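**Student:** With the hints as extra help, turn the sequences into a complete structure.
There are 2 protein chains.
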Amino acid sequence: MCTECGCGSKGHLEIIEVEEKILAANDERARHNRETLDGHGICGINLMSSPGAGKTTLLERTIELLDSKFELGVIEGDPETDRDAERIRARGVPVHQITTGQACHLDAAMLHEAMHQLPLGTIDLLFVENVGNLVCPAAFELGTHLNVVLLSITEGDDKPAKYPTVFRKADLLLTKTDLLPYTDFNIEKAIREARVLNPQMKIFQLSAKTGEGMKEWIGNLHHKISKNYF
Amino acid sequence: MCTECGCGSKGHLEIIEVEEKILAANDERARHNRETLDGHGICGINLMSSPGAGKTTLLERTIELLDSKFELGVIEGDPETDRDAERIRARGVPVHQITTGQACHLDAAMLHEAMHQLPLGTIDLLFVENVGNLVCPAAFELGTHLNVVLLSITEGDDKPAKYPTVFRKADLLLTKTDLLPYTDFNIEKAIREARVLNPQMKIFQLSAKTGEGMKEWIGNLHHKISKNYF
Numbered sequence: 018m019c020t021e022c023g024c025g026s027k028g029h030l031e032i033i034e035v036e037e038k039i040l041a042a043n044d045e046r047a048r049h050n051r052e053t054l055d056g057h058g059i060c061g062i063n064l065m066s067s068p069g070a071g072k073t074t075l076l077e078r079t080i081e082l083l084d085s086k087f088e089l090g091v092i093e094g095d096p097e098t099d100r101d102a103e104r105i106r107a108r109g110v111p112v113h114q115i116t117t118g119q120a121c122h123l124d125a126a127m128l129h130e131a132m133h134q135l136p137l138g139t140i141d142l143l144f145v146e147n148v149g150n151l152v153c154p155a156a157f158e159l160g161t162h163l164n165v166v167l168l169s170i171t172e173g174d175d176k177p178a179k180y181p182t183v184f185r186k187a188d189l190l191l192t193k194t195d196l197l198p199y200t201d202f203n204i205e206k207a208i209r210e211a212r213v214l215n216p217q218m219k220i221f222q223l224s225a226k227t228g229e230g231m232k233e234w235i236g237n238l239h240h241k242i243s244k245n246y247f
Numbered sequence: 018m019c020t021e022c023g024c025g026s027k028g029h030l031e032i033i034e035v036e037e038k039i040l041a042a043n044d045e046r047a048r049h050n051r052e053t054l055d056g057h058g059i060c061g062i063n064l065m066s067s068p069g070a071g072k073t074t075l076l077e078r079t080i081e082l083l084d085s086k087f088e089l090g091v092i093e094g095d096p097e098t099d100r101d102a103e104r105i106r107a108r109g110v111p112v113h114q115i116t117t118g119q120a121c122h123l124d125a126a127m128l129h130e131a132m133h134q135l136p137l138g139t140i141d142l143l144f145v146e147n148v149g150n151l152v153c154p155a156a157f158e159l160g161t162h163l164n165v166v167l168l169s170i171t172e173g174d175d176k177p178a179k180y181p182t183v184f185r186k187a188d189l190l191l192t193k194t195d196l197l198p199y200t201d202f203n204i205e206k207a208i209r210e211a212r213v214l215n216p217q218m219k220i221f222q223l224s225a226k227t228g229e230g231m232k233e234w235i236g237n238l239h240h241k242i243s244k245n246y247f
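Protein sequence lines, in the order shown, are assigned to chains A and B. So in my numbering, the last spot in the first sequence is 247, and the numbers never skip. So in my numbering, the last spot in the second sequence is 247, and the numbers never skip.
Everything hinted at is true.
Any copy will do: because identical chains look the same in the list, a pair fits if it lies in one copy or spans two.
Taking lysine-lysine and the DSBU-like style, the derived pairs with C-alpha atoms no more than 35 Å apart in a straight line are:
no. : residue 1 : residue 2
1   : K186      : K219
2   : K244      : K206
3   : K241      : K226
4   : K86       : K232
5   : K38       : K186
6   : K226      : K186
7   : K232      : K206
8   : K86       : K241
9   : K86       : K219
10  : K206      : K226
Bear in mind the hints are in silico, worked out from the structure with no lab data behind them. Just so it is clear, the structure is predicted and the values come from calculations on it, not from any experiment.
**Tutor:** Okay, structure coming up:
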């Protein structure tokens with residue numbers, strides 16, 4: 018009850034209880050997804066970022082550069098349109114688009130349904146491009162093996178400190194570099210603040226547009242898939 | 018029940034029911050906030066964008082340019098840190114920071130509590146800088162009079178089509194222009210697709226960094242406050 022003006026606001030306790038219930042049910046579904054991925058020998062990667070940070074462009078370039086002996090699959094998440102899925106499909110990779118409508122993140126149930134639309138028996142590496150959002154995707158386990166966060170430098174070097182949860186959960190942080198000359202982004206500060214949140218996280222500086230750093234990113238993927246390090 | 022593998026996934030019906038209940042309670046609190054704002058003759062503006070699109074920089078420049086006869090107040094929303102509030106406070110404007118933690122948006126209850134931390138009796142224009150997120154802030158009414166969306170052009174010209182709800186709700190769309198020369202953003206396409214979603218929305222192209230378009234934005238604010246057009 019609000020004591021300021023007696024309006025009857027009950028605060029957030031009710032919402033928190035409901036969220037905990039939703040997250041617990043989601044965790045159970047995520048465990049089931051992980052079993053499905055492991056059963057098929059698929060490495061699952063949850064790719065997260067703000068809207069328009071360049072996730073799909075990174076995937077397009079990754080498809081081009083990845084050794085052709087590895088089979089890819091992609092699941093795209095967006096509130097509306099299947100434009101990202103069209104871009105992936107044009108490159109001959111099996112893809113399924115989830116349109117989430119009002120939902121600001123993918124959850125394990127959505128991923129479960131989407132996975133069954135793909136030829137799981139032939140896939141080695143499944144990229145899940147989450148909805149563009151730096152907050153909620155981090156709260157919903159999907160059952161994938163790796164969390165990768167892509168940070169577009171135009172968003173500002175304060176993003177790790179202001180949106181810590183997604184950086185705490187990341188196994189890999191990719192910072193884009195192509196617009197560095199035109200912004201006042203301090204990449205050392207961003208990396209330093211991200212490392213405080215998550216000392217174990219690997220960090221690659223790359224640009225899908227210029228090709229900078231892509232060799233290291235692709236090498237890391239090859240290593241993970243071929244050694245089953247996931 | 019999932020028919021693909023019999024795993025017991027119940028889908029999203031339960032979540033949708035809970036969300037509807039939460040939104041209905043929020044709407045009631047938003048009406049109370051509106052009454053509070055109207056009672057004090059305050060124009061309330063809900064400023065939304067992706068993370069790092071430049072909301073705080075726009076507010077800093079707006080504070081500088083707005084006629085000093087109008088008194089401003091600012092409420093800042095971020096998952097963590099009070100860095101944005103510090104930036105506003107340094108300019109002598111009353112400000113209150115909401116740190117939302119895991120929550121990806123402000124809601125009417127949070128705004129209600131924050132408003133009571135400000136000297137409402139002296140404020141003419143209250144800016145509410147929402148959490149950086151293009152999805153959920155659009156679903157939660159705050160009780161403010163105007164919804165303003167700021168679109169950073171590095172996010173890509175497909176954002177209105179892919180994140181339609183926030184553009185449908187906007188009274189005003191501000192598109193930033195300073196990085197236009199360095200991206201392949203098609204501003205005509207973005208505006209055309211935004212207009213399909215929301216023909217009534219006003220659109221200003223501006224840059225808080227170069228000053229382009231700021232005169233029109235400030236003029237619009239003066240008009241709204243002095244004529245009580247809110």
